[in-house]
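Chains as they are written, first to last, in our numbering: chain A, 625 to 829; chain B, 8 to 353; chain C, 184 to 409.
Just so you know, the hints here were simulated from the structure itself, not pulled from any lab data.
Don't take each hint at face value.
Unchecked claim - Think about it this way: if two alpha-carbon atoms lie no more than 27 Å apart in a straight line, the pair counts; the simulated DSS-like pairs of lysine-lysine are:
| id | chain 1 | residue 1 | chain 2 | residue 2 |
| --- | --- | --- | --- | --- |
| 1 | C | 252 | C | 312 |
| 2 | C | 287 | C | 226 |
| 3 | A | 669 | B | 319 |
| 4 | A | 669 | C | 251 |
| 5 | B | 28 | B | 277 |
| 6 | A | 669 | A | 737 |
| 7 | B | 130 | B | 28 |
| 8 | C | 251 | A | 737 |
| 9 | A | 669 | C | 191 |
| 10 | B | 332 | B | 277 |
| 11 | B | 32 | B | 332 |
| 12 | B | 130 | C | 312 |
| 13 | A | 669 | A | 732 |
| 14 | A | 735 | C | 312 |
| 15 | A | 732 | C | 252 |
| 16 | B | 130 | A | 669 |
| 17 | B | 340 | B | 329 |
| 18 | B | 319 | B | 329 |
| 19 | A | 669 | C | 380 |
| 20 | B | 301 | C | 252 |
| 21 | A | 735 | A | 669 |
| 22 | C | 312 | A | 669 |
| 23 | B | 28 | B | 319 |
| 24 | C | 191 | A | 737 |
| 25 | A | 669 | A | 733 |
| 26 | C | 380 | A | 735 |
| 27 | A | 732 | C | 311 |
| 28 | C | 380 | C | 287 |
| 29 | B | 341 | B | 329 |
| 30 | C | 191 | C | 312 |
| 31 | C | 251 | C | 191 |
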Amino acid sequence: MSELLNSFASFLGDYVTYALIAMFLENTILTRALGTSTSLLIIRKRFSLGLFSLILTVITTLSAVIVYLINPLLNSLSFRYFITPLVFVLIISVVYVAVLLLTNFCFKKLKEKILPMVHLSAFNCAVLGALLLGSQGNMNFPSFLGFGLGTGLGFALATFLLSIAYERLYSDRVPRAFRGFPAMLLYIGILSLSFYGLIGHEISF
Amino acid sequence: MGETIQIGKSRKKQPLDEASKMRRKKNGDILFALIPVLLMAVYYFGVRSLFLAAYAIIFSVASDYLCLRLTGQKKWQRYDLSSLISPLILVLILPASIPYWIAIVGVLIANLVAKYPFGGYGKNIFNPAAVAFAILAIGWPDRVFAYPQPFDSLGISSTVQASLGQGIAYRLQLGGAPSISGMDRLLGHFAGPMGATCILVLIACGIYLLARRTISWQIVLGTLGSSALIAFLFPRILVGRLDSVSFEMIAGILLFGAVFMASDPVTSPKTGWGKALYGVLLGTLTMLFRYFGKMEITFAYALLLCNAVAPKCDEYMAVAVKGVKAGCRALLKKAGSETSPQEVQP
Amino acid sequence: MIRRFYQKHKHTLTLFDGFFLNNTVLERGLVIAPIIVAGNTMKNAVMLSIAFVIITFFTVLVSSFIPKKLPYTIRAIMHTVLAAILFIPVSYFLQGYFPEAVYKAGIFLPLLVTNSLIVSKGESRFFKKTRGVMAVDLLSHVLGFSLVACIVGAIREILGSGSFWEIPLGLGETAPMLMFPFAGFILLGFLAAALQKFRLYVTREPKALAKEETAPDGSEQPESAN
Numbered sequence: 625m626s627e628l629l630n631s632f633a634s635f636l637g638d639y640v641t642y643a644l645i646a647m648f649l650e651n652t653i654l655t656r657a658l659g660t661s662t663s664l665l666i667i668r669k670r671f672s673l674g675l676f677s678l679i680l681t682v683i684t685t686l687s688a689v690i691v692y693l694i695n696p697l698l699n700s701l702s703f704r705y706f707i708t709p710l711v712f713v714l715i716i717s718v719v720y721v722a723v724l725l726l727t728n729f730c731f732k733k734l735k736e737k738i739l740p741m742v743h744l745s746a747f748n749c750a751v752l753g754a755l756l757l758g759s760q761g762n763m764n765f766p767s768f769l770g771f772g773l774g775t776g777l778g779f780a781l782a783t784f785l786l787s788i789a790y791e792r793l794y795s796d797r798v799p800r801a802f803r804g805f806p807a808m809l810l811y812i813g814i815l816s817l818s819f820y821g822l823i824g825h826e827i828s829f
Numbered sequence: 008m009g010e011t012i013q014i015g016k017s018r019k020k021q022p023l024d025e026a027s028k029m030r031r032k033k034n035g036d037i038l039f040a041l042i043p044v045l046l047m048a049v050y051y052f053g054v055r056s057l058f059l060a061a062y063a064i065i066f067s068v069a070s071d072y073l074c075l076r077l078t079g080q081k082k083w084q085r086y087d088l089s090s091l092i093s094p095l096i097l098v099l100i101l102p103a104s105i106p107y108w109i110a111i112v113g114v115l116i117a118n119l120v121a122k123y124p125f126g127g128y129g130k131n132i133f134n135p136a137a138v139a140f141a142i143l144a145i146g147w148p149d150r151v152f153a154y155p156q157p158f159d160s161l162g163i164s165s166t167v168q169a170s171l172g173q174g175i176a177y178r179l180q181l182g183g184a185p186s187i188s189g190m191d192r193l194l195g196h197f198a199g200p201m202g203a204t205c206i207l208v209l210i211a212c213g214i215y216l217l218a219r220r221t222i223s224w225q226i227v228l229g230t231l232g233s234s235a236l237i238a239f240l241f242p243r244i245l246v247g248r249l250d251s252v253s254f255e256m257i258a259g260i261l262l263f264g265a266v267f268m269a270s271d272p273v274t275s276p277k278t279g280w281g282k283a284l285y286g287v288l289l290g291t292l293t294m295l296f297r298y299f300g301k302m303e304i305t306f307a308y309a310l311l312l313c314n315a316v317a318p319k320c321d322e323y324m325a326v327a328v329k330g331v332k333a334g335c336r337a338l339l340k341k342a343g344s345e346t347s348p349q350e351v352q353p
Numbered sequence: 184m185i186r187r188f189y190q191k192h193k194h195t196l197t198l199f200d201g202f203f204l205n206n207t208v209l210e211r212g213l214v215i216a217p218i219i220v221a222g223n224t225m226k227n228a229v230m231l232s233i234a235f236v237i238i239t240f241f242t243v244l245v246s247s248f249i250p251k252k253l254p255y256t257i258r259a260i261m262h263t264v265l266a267a268i269l270f271i272p273v274s275y276f277l278q279g280y281f282p283e284a285v286y287k288a289g290i291f292l293p294l295l296v297t298n299s300l301i302v303s304k305g306e307s308r309f310f311k312k313t314r315g316v317m318a319v320d321l322l323s324h325v326l327g328f329s330l331v332a333c334i335v336g337a338i339r340e341i342l343g344s345g346s347f348w349e350i351p352l353g354l355g356e357t358a359p360m361l362m363f364p365f366a367g368f369i370l371l372g373f374l375a376a377a378l379q380k381f382r383l384y385v386t387r388e389p390k391a392l393a394k395e396e397t398a399p400d401g402s403e404q405p406e407s408a409n
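Based on the sequences and whatever the hints tell you, model everything.
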């Protein structure tokens with residue numbers, strides 16, 4: 625019994641640790657700039673952030689599970705580097721179709737709302753980036769799962785921070801040359817600076 | 008005077024609105040309160056600090072003027088002292104031994120990255136001095152975090168020959184208690200940023216600004232209170248809880264920042280409860296990342312993050328206060344429902 | 184003068200829109216991740232540009248032949264898979280020439296496979312045109328990315344580490360913070376602002392010119408929303 629509890633505790637520990645790492649240290653937008661355009665798009669279209677992050681998390685986590693299963697096989701190949709994207713893209717495609725089918729059959733009421741988000745979050749730098757990052761370090765299963773969760777949460781956090789200033793940066797308070805995207809880039813840059821300074825983490829690819 | 012010359016746009020001398028009048032008064036106060044801090048820096052570190060401040064102000068005013076011309080404004084808003092305040096703040100949180108050109112780069116960053124792209128003073132989202140300090144500290148940590156001892160002769164040449172040491176924040180990070188007596192702690196007789204060590208003067212300035220209602224007590228109390236509480240509950244050093252609190256308070260730029268940077272009226276929340284939340288958030292983040300981060304001075308970075316969420320602080324606290332009030336009212340009504348059952352608020 | 188030139192040749196120039204005036208990166212904000220994080224040396228930038236140009240150009244070109252009758256999901260998967268297949272020879276070739284840069288770029292080279300130009304812009308912009316126009320438009324878009332990547336890479340390498348193409352320039356002081364992602368964001372922000380300023384300048388019609396051209400068609404302005 626205590627063994628089971630122990631293993632559960634270590635599972636949870638790894639899960640939470642890697643979720644936090646993915647959320648703050650490897651934040652998709654603020655430290656890796658992945659999915660910035662997606663983030664701005666969902667702010668502009670006023671998608672529900674929670675729902676989108678949930679979908680992103682589900683897709684990342686499901687793909688991460690498959691990647692975890694396939695990773696030892698992939699690691700044994702000498703030409704691993706070249707085919708990794710192909711394998712991952714295929715995995716994401718499978719998950720993508722599965723999620724689409726799931727939405728079609730299970731959430732008929734929300735279908736209209738969910739489908740565009742699924743399309744947007746499937747082939748997204750954030751998902752592929754999380755898989756590529758996760759597969760590099762030799763992580764165990766709970767860490768892989770945690771990484772999926774943290775990616776979604778980190779995306780949500782960063783998008784929330786961006787959405788605060790969105791209206792303001794696109795309004796006429798900002799000079800004409802900087803209005804909109806350029807000011808947004810500066811804003812993201814300063815946020816990224818503050819994240820970097822707080823965590824003080826040397827970025828490794 | 009200038010009215011008749013401009014033809015296309017009618018550029019009347021607009022009477023200042025209430026907000027900018029308020030800002031003007033506050034800026035004057037802050038500038039006034041910064042002067043004793045600068046004088047203390049001159050006392051401890053020599054004329055070099057005066058030169059640093061002068062260079063910073065000259066370049067700040069020049070770049071401000073240039074940016075104003077570029078954005079199409081002809082002149083400053085009357086008595087907009089922000090182009091004097093942010094370079095002074097920046098210089099005072101750098102060590103006195105910093106090369107002049109780094110301070111100048113910092114001033115340019117403050118104006119060109121944090122201030123004018125977002126619409127100039129009054130519209131900036133982030134505190135310009137904090138942005139500049141944050142970038143400088145990442146770029147040249149070996150110069151920004153190396154402090155001269157007070158009363159060392161630094162000279163006025165660009166590079167300093169005196170031996171430089173680590174600040175308190177660094178020692179605390181390693182888990183060792185610096186051996187500084189109580190009086191020295193208060194007087195600022197230890198290595199540290201130029202203007203952030205003279206604790207007594209800072210406290211006096213803080214009280215002056217609080218009394219003038221230039222800075223809001225919610226932010227100062229929230230920041231210092233929450234960080235003191237954390238330092239008391241989870242001391243990093245083993246000599247004692249109260250020592251831990253006092254060292255954490257004087258380490259880095261916490262006190263200086265809480266007085267001069269955090270309650271900048273432009274970048275902080277507007278409502279009282281929002282300010283309180285903002286202060287607590289700022290103190291907590293600063294302490295949290297002092298414990299878990301790798302940077303020595305985390306205040307500037309925590310401040311940037313808090314600047315970003317400042318509008319939401321107001322919003323959420325308004326909702327929370329409303330909810331609590333409604334809850335209290337409901338409870339009261341339940342308690343005294345037999346007396347006044349018709350008191351329903353829309 | 185530039186403005187006059189631009190407005191005279193507007194129709195020709197809109198064809199090459201993506202290269203400069205409506206740059207992929209600076210105006211639309213599409214493929215910014217590799218530039219911001221990995222594009223901090225000239226070598227990295229050139230390597231990423233080559234990979235991006237080859238992968239994106241041929242993927243979008245070939246995937247324009249995919250029949251539109253297929254459902255969107257299938258098409259999207261086919262585009263990305265195509266890009267991933269193309270990645271194999273490209274990365275093999277690049278690893279021969281720039282082994283170190285490929286290592287440094289890390290995940291950002293494989294990530295080019297799911298760039299927005301392939302995933303979403305193909306459907307929303309390129310496939311709506313005739314194939315010849317599309318090829319020119321596409322080429323200017325991908326070259327626009329290379330332009331920005333090289334500018335940013337050069338600035339960051341020269342000022343950030345005091346070298347160019349890994350040859351030290353002997354500068355006294357460097358600004359190492361330029362190598363970090365946040366500086367990439369800020370630098371790109373300034374470039375984008377400069378471009379926006381320039382675009383506002385050339386597209387604003389002076390009164391004299393507006394009178395000459397009596398009826399400019401209103402649908403000229405390309406939608407910047409994606």
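Checked hints:
| no. | hint | in the structure |
| --- | --- | --- |
| 1 | C:252 with C:312 | holds, 17 Å |
| 2 | C:287 with C:226 | holds, 10 Å |
| 3 | A:669 with B:319 | holds, 20 Å |
| 4 | A:669 with C:251 | holds, 26 Å |
| 5 | B:28 with B:277 | holds, 16 Å |
| 6 | A:669 with A:737 | holds, 12 Å |
| 7 | B:130 with B:28 | holds, 15 Å |
| 8 | C:251 with A:737 | holds, 24 Å |
| 9 | A:669 with C:191 | violated, 36 Å |
| 10 | B:332 with B:277 | holds, 20 Å |
| 11 | B:32 with B:332 | violated, 34 Å |
| 12 | B:130 with C:312 | violated, 43 Å |
| 13 | A:669 with A:732 | holds, 22 Å |
| 14 | A:735 with C:312 | violated, 31 Å |
| 15 | A:732 with C:252 | holds, 24 Å |
| 16 | B:130 with A:669 | holds, 26 Å |
| 17 | B:340 with B:329 | holds, 16 Å |
| 18 | B:319 with B:329 | holds, 15 Å |
| 19 | A:669 with C:380 | holds, 26 Å |
| 20 | B:301 with C:252 | violated, 55 Å |
| 21 | A:735 with A:669 | holds, 17 Å |
| 22 | C:312 with A:669 | holds, 26 Å |
| 23 | B:28 with B:319 | holds, 25 Å |
| 24 | C:191 with A:737 | violated, 45 Å |
| 25 | A:669 with A:733 | holds, 20 Å |
| 26 | C:380 with A:735 | violated, 42 Å |
| 27 | A:732 with C:311 | violated, 32 Å |
| 28 | C:380 with C:287 | violated, 34 Å |
| 29 | B:341 with B:329 | holds, 18 Å |
| 30 | C:191 with C:312 | holds, 23 Å |
| 31 | C:251 with C:191 | violated, 37 Å |
Violated hints for the displayed structure, listed by number in ascending order: 9, 11, 12, 14, 20, 24, 26, 27, 28 and 31.
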